[in-house]
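One line per chain: the protein sequences are A and B, in this order.
If you count the first sequence from 1, position 270 lands on 270 in full-length UniProt numbering, and the numbers rise without skipping.
If you count the second sequence from 1, position 70 lands on 70 in full-length UniProt numbering, and the numbers rise without skipping.
Be careful, since some hints might not be right.
What the hints assert, rightly or not - Cross-link-like lysine to aspartate or glutamate pairs, in silico, EDC-like; alpha carbons within 20 Å at most:
| # | chain 1 | residue 1 | chain 2 | residue 2 |
| --- | --- | --- | --- | --- |
| 1 | B | 70 | A | 140 |
| 2 | B | 20 | A | 425 |
| 3 | B | 3 | A | 844 |
| 4 | B | 70 | A | 182 |
| 5 | B | 81 | A | 425 |
I should point out that these hints are in silico values taken from the structure, not numbers from a laboratory.
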Amino acid sequence: MPDQKPETVRLTIDGTTVAVPKGTLVIEAARRVGVMIPHFCYHPKLKPDANCRMCLVEVEKMPKLQTACSTPVAEGMAVRTATTTVDDAHKSVLEFILANHPLDCPVCDQGGKCDLQDFSHQYTPTTSRFTETKRIFQKEYFSPLIETQMNRCVQCLRCVRYCDEIMDVKALAPVGRGTMTEIKHFGPHELDCEFCGGCIQICPVGAITSRLSMYEYRPWMLKRADTICTFCGDGCRITVQTKGNELIEVNSAHGAGRNNGDLCARGFFGFHASSDADRLTHPLIRREGKLVEATWEDALEYVAEQALRLKLAHSADAFGGLITSRCTNEDLYVFQKFMRQVIGTNRIDSSARYGHLNGVQALRRVQGTHRWTIAFEDIVAANALLLVGTNITETSPITGLKVKEAVKKRQASLVTMEALQPAIDTLSNITNLALQHFPTHPAQFGNTVLGLTKAVIEGNLVDATLAQQAPAFVQRLTSALQGISWENLEAVTGQTRTQWTETAKILAGANRLVILVGNGVLRHPGGDATVTNLLDLLILLGKLDKPGCGLGPLAEENNDQGAVEMGAVAEFFPGPAPLDDQPVRDRIATVWREELPRTPGASLTEMLAAANKGSLKALFVVGENPVGTLPAEAQAAEALGKLDLLVCQELFLTETAAMAHVVLPACSYMEKDGTFTNSEGHVQGVRQAINPVGDSRPDWEMFSALSVLMGSPLEYGDAREILKEIRTVIPGYGLLGPTPTPPKVDQAVLSGYLTQGFAGDAATRYAVSQPRQTGDGSFTLMFVQTLFHSGKLSTHSKGLLQLQQEGFLSINPEDAARLDLADGGQVKVSNSRGAITTTVKIRERVPAGLLWFPEHFDGEAKQLAEWTIDPRTQIPYFKLAHVSLAKVS
Amino acid sequence: MLKETHKAEIDDILSRYPVKRSALLPLLYLAQREQGYITEAAMQEIAGLLKLTPPQVYETATFYTMLNLKPVGKFHLQVCKSLMCALVGSDTVIGWISAKLGIKPGETTPDRLFTLSIVECLAACGTGPMMQVNDDYYERLTEEKLDRILADLRQTGTCSLKTGPFMWPEPAPAKPGA
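Chain A extracted, bound-state conformation (with noise of 0.2 Å):
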């Protein structure tokens, strides 16, 4: 978003005139007045190259032909594009190209969508002078999932210089030289790198394509569907084809959705996940302890009477209700309107619960907000970043190109606190790109921004005039942080004096401003104050409500945001609005016709507390496994052993699944319509792109069907009469555009904020948090998101199961020098809760002290993990653990 009218130029194309801002490539100008000029090395995202020589064009006064692609317009410019001279040189161009290029159209899977393929149709060439043999290169295997088949290629070096711009891995090289230039990795190895697709997407023949498709399909028999990806907040527009009922292939076009055509692994090879064989496909119901299929009637009418029991023998509040952030809104309205006006209970929860609430709670009770005040395009446009606890390429992908973007592209000044540190290896890393890099443990992170708080009041860097609107606020802090001393702030968090003033001048500095939040901070003890204290940072540099500046957390699931907003959590209605919240009560009354519930709601963890106690009678869970998720000190498996009904909504038959009295098989989001929220609170449509797996529904059906068994229908004709249902509800909901239009800062609640709302807990918040003294072992143990995985949804899929299928601990090079332990070697971890062994990956990445264990294979890894929950916003921390190591020989 530049702040100044850019400059225009007027010039013609083919004798029309245009007028576009300076700078712009004339190639670009053309495209505006519908001219288009072949050439293959050309990409708007990329910069210009001019190696193909393919989009020659005659400008007037210049005695040769220019490459429209890396000529920039100028005032008066007269461009021909279609003039025999240009025509000459492209055919010319495109007989040099043809004289390799094998003809085996038939076997490519471009076929059809092949840009050679089209400029020869359009220059028509019938024979070549080149009677030589064609280059040959020898077939090499070049990866499990991308597949290469270099005597197709023209050597245009987009996916090079896409591998290395855009995504920072820099896993492609062109090898050799001249016509025998070959498109590999590193000699004769496989490719390892971030698997984004970028390479297969942006190749304009077929020389690079997709082996999960490979001769599947010839692009016109596809059918294509537009929606958006499940496997992260990011909320990335995906283009999914299909051929009869059959998954082939997802991609993205360049422009579309948030991510501008951008896709990581997960998006572009995760898709299969839907069409998993292990997918549940009947409902069943538990017959003499044994889970069997049933029909649907069957399956409903039992949950549906063995409800009204319950609810007549005990009450509403005997039931309670758990939902995955991964549903569409629509779902995640009729979950709770039903918990809430069919059952009459407040007590339901999602998955928001597990770290993203506390990103949201901090937001409305600083800034008044549910959302970020900032969007994708103000991060691009940042002076300065500032990220907090993210990996953002692992588990933000997309929202990581935006930080990349504005670092490499725009020069932003980008700050990281990670637990994680500057390493090349074969994915992308952030902090290699950081101007100043805090290596955090991630028990520090609270610490670390304290110290940069700290910096900033010492340095005079408040900003003048919050000074005199909000003194108790400033004085607070300030004596509140003299009170610390930066020895001691050194000494716990292993950062320096130096680096923290240096920092707060960069920030300080910035007119724009963005901070992300991460799940190392959102997940983790403390994780709410640390999101109030950047806040209160924000505040004392004068930039939480300045244009461009703004602090976002990053949801871990596609649907965070919604589940919030939809108020499928305990303690909102709609809105998000409190529960107390009188005003919005009434309306939703008026809209249901039926008063809502007044008791409390109850979180995730006070629901299983009420299980065990044998208070909660009864559990709907939509597409949530607690037993699967959460460490045996949950005690997630008595409980719902102790319940007289649960009733799981899946797709597969999990953990949890597999204790329920009855399962009813649901479809995934490839199979139904409706909206999702992303991380930066924008709608956006999911659309339908295969029939349901099975006899599979939406969840919001099942609701539905439900509520007209149990005697107070919910009536939905399709998602779209839900969406417009929400919308009465939440006014303006979901005006579905291209871009969001993110909420201001509600002064209101701002300066109650800074006279009293900072002060309840300030004595907490700004004081140094000691490191936890378990007596374990000396490592500190994370359960992370890797980039090739989403929560366990991304373990049905067959694609990035060929990245990733199993858990490995990750370890600093030093550390395992120390140990004597291999890469690939075995190693036993463990503490005074279990012991587990596992394969060791030597990275370099992982700071030393710490070690990494992904998620998604948690099974029986996470018994180690230590359990606590929050005590303001009730969130469940479990992703730490301390262990000792021991090599297994």
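Starting from the known structure of chain A, fit chain B onto it as the hints suggest.
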């Protein structure tokens, strides 16, 4: 590991360039000097030193014909095949060498004495056909000259017909008596 055996020299090379990546070619030369060719391990090590990925180093190493990616014989015969030399018979020279040594371009004799390579212009266009053997130039090649060069190299390890290496500016002539 180069870092252990040549620490001072590597530090010196790195100190010459404000942009680390610029030290790539000198380091590749260093690796080649040590092992006769550039090993995969060396490329990985250099990538680590310069904060590049191994494919980026590989890209550069494969572009230059002066960098060997396979072991070469004691004498590396690099025949220029660019336009000027081609016009005055570089193909014939290659043919002679192939016939006399029994190796095709890219191959090494079984006694590991000679490797034949075909390379791009060596900037001796006025004196073609020509070849470079290790660091020395042999220009205006004829079959007799070639026979003598090969024989001398086999026997003495060098040959008086060599005309290089060239340097610019030319080194000051050695002072008599020095």
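We went through each hint and held it up to the structure:
| no. | hint | verdict |
| --- | --- | --- |
| 1 | B:70 with A:140 | 19 Å, holds |
| 2 | B:20 with A:425 | 18 Å, holds |
| 3 | B:3 with A:844 | 18 Å, holds |
| 4 | B:70 with A:182 | 18 Å, holds |
| 5 | B:81 with A:425 | 38 Å, violated |
This entry does not satisfy hint 5, going by the numbered hints stated previously; all others are met.
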